[in-house]
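Novice: Sequence:
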Amino acid sequence: MTHNTATSGGVAYIGNSGDVSISKCNMTGNTAAGSGAVAYVSSSGNNGDVSISECNMTGNTAAGSGGVAYIGNSGDVSISKCNMTGNTAALSGAVAYIGNSSKVSISECTMTANTAARTESGAVAYVSSSGDVSISECNMTGNSAQTNGGVAYVKSSSKVSISECNMTANTAVRSGAVAYIDKNGDVSISECAMILNSADAAGVAFIESSGDVSISKCTMTGNTAAEYKGGVADISYSGDVSISKCNMTDNTADDQGGVVGISYCGDVSISECTMTGNIGDYGGVAYIDSSGDVSISECTMTGNAAAGDGAVAYVTYSYTSVRRDVSIRECTITGSTAWSGAVAYVTYSYTSVHGDVSISECTVTENTAWDKGGVAFIEASGDVFISECNMTGNTAAYGGVAYIDDRGTTGVVSISECTMTGNTAIASTAVDAGENFGMIGGGVIALLSSGEASITISECNMTANTAASGNGAVAYVTSSGKVSISECNITGNTAAVSGAVAYVSSSGDVSISECNITGNTAAVSGAVAYVAYDGYVSISECTMTGNSAQNGGVAYTSSSNVSISECTMIGNSAEAYGGVAFIYNSSALTITNSTITDNSASVSGGVAYMYEDSTLTITNSAISDNYAAKGGAVIIQHGLMEISSSMFRRNLAQEGGGAIAVMRGSSLVLHQDVLFEQNVAGGTGGAVYCAISSMVRFFTLSVLSSNFALQGELHASVD
Numbered sequence: 001m002t003h004n005t006a007t008s009g010g011v012a013y014i015g016n017s018g019d020v021s022i023s024k025c026n027m028t029g030n031t032a033a034g035s036g037a038v039a040y041v042s043s044s045g046n047n048g049d050v051s052i053s054e055c056n057m058t059g060n061t062a063a064g065s066g067g068v069a070y071i072g073n074s075g076d077v078s079i080s081k082c083n084m085t086g087n088t089a090a091l092s093g094a095v096a097y098i099g100n101s102s103k104v105s106i107s108e109c110t111m112t113a114n115t116a117a118r119t120e121s122g123a124v125a126y127v128s129s130s131g132d133v134s135i136s137e138c139n140m141t142g143n144s145a146q147t148n149g150g151v152a153y154v155k156s157s158s159k160v161s162i163s164e165c166n167m168t169a170n171t172a173v174r175s176g177a178v179a180y181i182d183k184n185g186d187v188s189i190s191e192c193a194m195i196l197n198s199a200d201a202a203g204v205a206f207i208e209s210s211g212d213v214s215i216s217k218c219t220m221t222g223n224t225a226a227e228y229k230g231g232v233a234d235i236s237y238s239g240d241v242s243i244s245k246c247n248m249t250d251n252t253a254d255d256q257g258g259v260v261g262i263s264y265c266g267d268v269s270i271s272e273c274t275m276t277g278n279i280g281d282y283g284g285v286a287y288i289d290s291s292g293d294v295s296i297s298e299c300t301m302t303g304n305a306a307a308g309d310g311a312v313a314y315v316t317y318s319y320t321s322v323r324r325d326v327s328i329r330e331c332t333i334t335g336s337t338a339w340s341g342a343v344a345y346v347t348y349s350y351t352s353v354h355g356d357v358s359i360s361e362c363t364v365t366e367n368t369a370w371d372k373g374g375v376a377f378i379e380a381s382g383d384v385f386i387s388e389c390n391m392t393g394n395t396a397a398y399g400g401v402a403y404i405d406d407r408g409t410t411g412v413v414s415i416s417e418c419t420m421t422g423n424t425a426i427a428s429t430a431v432d433a434g435e436n437f438g439m440i441g442g443g444v445i446a447l448l449s450s451g452e453a454s455i456t457i458s459e460c461n462m463t464a465n466t467a468a469s470g471n472g473a474v475a476y477v478t479s480s481g482k483v484s485i486s487e488c489n490i491t492g493n494t495a496a497v498s499g500a501v502a503y504v505s506s507s508g509d510v511s512i513s514e515c516n517i518t519g520n521t522a523a524v525s526g527a528v529a530y531v532a533y534d535g536y537v538s539i540s541e542c543t544m545t546g547n548s549a550q551n552g553g554v555a556y557t558s559s560s561n562v563s564i565s566e567c568t569m570i571g572n573s574a575e576a577y578g579g580v581a582f583i584y585n586s587s588a589l590t591i592t593n594s595t596i597t598d599n600s601a602s603v604s605g606g607v608a609y610m611y612e613d614s615t616l617t618i619t620n621s622a623i624s625d626n627y628a629a630k631g632g633a634v635i636i637q638h639g640l641m642e643i644s645s646s647m648f649r650r651n652l653a654q655e656g657g658g659a660i661a662v663m664r665g666s667s668l669v670l671h672q673d674v675l676f677e678q679n680v681a682g683g684t685g686g687a688v689y690c691a692i693s694s695m696v697r698f699f700t701l702s703v704l705s706s707n708f709a710l711q712g713e714l715h716a717s718v719d
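Under our numbering, read the sequence shown as residues 1 to 719, first letter to last.
No lab work stands behind these hints: they were computed from the structure. This structure is a prediction, so every number in the text was calculated from the model and none was measured. Be careful, since some hints might not be right.
[Said to hold, decoys possible] Taking lysine-lysine pairs in the DSS-like style, the calculated list, with each CA pair at most 27 Å apart, reads:
hint, residue 1, residue 2
1, K183, K103
2, K217, K81
3, K159, K217
4, K159, K245
5, K217, K103
6, K245, K217
7, K81, K24
8, K159, K103
9, K183, K159
10, K103, K81
11, K81, K159
12, K183, K217
13, K103, K24
[Unchecked claim] Just the calculated beta-carbon pair ranges, DEER-fashion:
hint, residue 1, residue 2, range
14, E459, M695, 42 to 48 Å
15, S318, S161, 30 to 36 Å
16, T419, Q672, 44 to 50 Å
All C-beta atoms in this analysis are idealised placements derived from N, C-alpha and C, irrespective of residue type, glycine included.
Starting from the given sequences, assemble the full structure and let the hints guide the process.
Specialist: The following block contains the structure:
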């Protein structure tokens, strides 16, 4: 059939017929001034099944719709084993326009350089108001639509299935370079290769107002959404969305979702996928808005990027009245970059419903956020759970692993059974932290709370994390937040300012138990714990070795209470005051059942520096071999110190008070069973130095033995 011309149906016009079969034909250069350049099967009648098979269709043109065939009001429609090249429709369906039919099947076809010029488009097929639609085992290359659906436009039909197809370099000026699917039932795309397709939105498929959507076992490479969302797919107002066992590489969206943009759908699941080098403004891989629960599992994600937020996933709940949770588990995530949330950006800030966020069993390495959250930025959520993860070398300005702004939702942040190594918060500027203005760091986690949110860290290894210009190399908490750390090994973390392990900016609490904490450093204050004021610090059953700060080699507090019990503290140091603790401004320190050895302060208080109406109580403890220029173990100024059933041995002060220096306005009370032995002062008071206007009270069974002072009394000296 060559170079035939008619108003409609350049070769055949068929109406009110039975079954129609066209097979093994060559159709070239046919033209219709209306629709159907080769065949027009009338929509005014009731026709039977239509089959087109083993045909070559080349260079056919319709000024209306259906560059090869226009099929209406028919039974099942099957197009198979055809070659379709260079066909054109000025309106829709450069090869076939199919409306009001039963099932539609297009299989084993080669579709190349077909064009639909305008309106709803569909450069190969336009299918409307039909039953199930299946496109399978086809090669689709270089097809184009001036509006939507570079290969297929499917509207108001039942189920849609696209499988085992190769889709390459197809284009749509608006949406869906391969498929535009609107108001249908369930949609399935499986075992397809999608390469270098492009559209303004949805580089491969645009799916709207449909049922459940499944994309599986596909290879998606180099697809582009040039202006809007979904480098591969834009899915909205549909049911549940599942993407599984796909390879997604170098896809790009100029706006949202380098691979997929999903809005107002049901639950979203992305599983067993490999995602590499995808880019979007928001959501380098996926942008998900106001949908159901979100699960990302068993995926490998490498080198994805977002110019804005969420290099892998951007999840927001703009309009929902139902609690929705977000889960990332069993994933390997490497080398992602974003402004905030280098892996995931999750926000509930536009709704009153706050779901939980969990990250579990993941390996997360060398991801970077230029602003907040080297792995995750989480805002206004419920509880946050990070468990059984290895997170190494992640970086952000604030929150090297996670930045959490609870917006007053008072959630719980739990980190358990994780290894976190070499994560960094690099910020060098002060930012507004609510009631306070300070250097937010959080080498591992930064929690900004306007309520009473808390961080719980348990059974973790935290090593060589850094707050490069701020506070809290492991954890930073604002407002009334709480930090609980238990059964952890915490080694070699560094804060450029304060709180190398935990920093609480105002009236929060810190609890540390059953931990080994070694070699952590804060340049200013509190190498392990810093609480700014009106808080409580509890350290129990811990071994703390070789931690250092300018003030407070372990802890620094103001207007707070500190308890150290059943601990071993060895070799901690302060460049100035308080080798273990710096306590001031009406604070209280209690040391019970502990061994404190070889700690030092260059100026005062090898163990503790007590200042401004603070109190110190020591019970059943051994304080030995500590050093300071003044007060080898303790110096107390304008405060009260009480000791019972404890031993001070071989402590050394370069000046006064080999063990204790009691300064002006202070009192020392020694209860029963207190031993001072072999303490040495280079000045006065080998064991105890008492300044003018201070007071010491000795009760029975206290012993001073073999203490030495270069000046004054060997054991105790009073100015």
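Novice: Are the hints correct? Go through all of them and say.
Specialist: Outcome of the hint check:
no.	hint	verdict
1	K183 / K103	holds (16 Å)
2	K217 / K81	holds (23 Å)
3	K159 / K217	holds (19 Å)
4	K159 / K245	holds (21 Å)
5	K217 / K103	holds (24 Å)
6	K245 / K217	holds (5 Å)
7	K81 / K24	holds (9 Å)
8	K159 / K103	holds (9 Å)
9	K183 / K159	holds (10 Å)
10	K103 / K81	holds (17 Å)
11	K81 / K159	holds (22 Å)
12	K183 / K217	holds (24 Å)
13	K103 / K24	holds (22 Å)
14	E459 / M695: 42 to 48 Å	holds (47 Å)
15	S318 / S161: 30 to 36 Å	holds (31 Å)
16	T419 / Q672: 44 to 50 Å	holds (47 Å)
Checked against the numbered hints given earlier, the structure satisfies every one of them.
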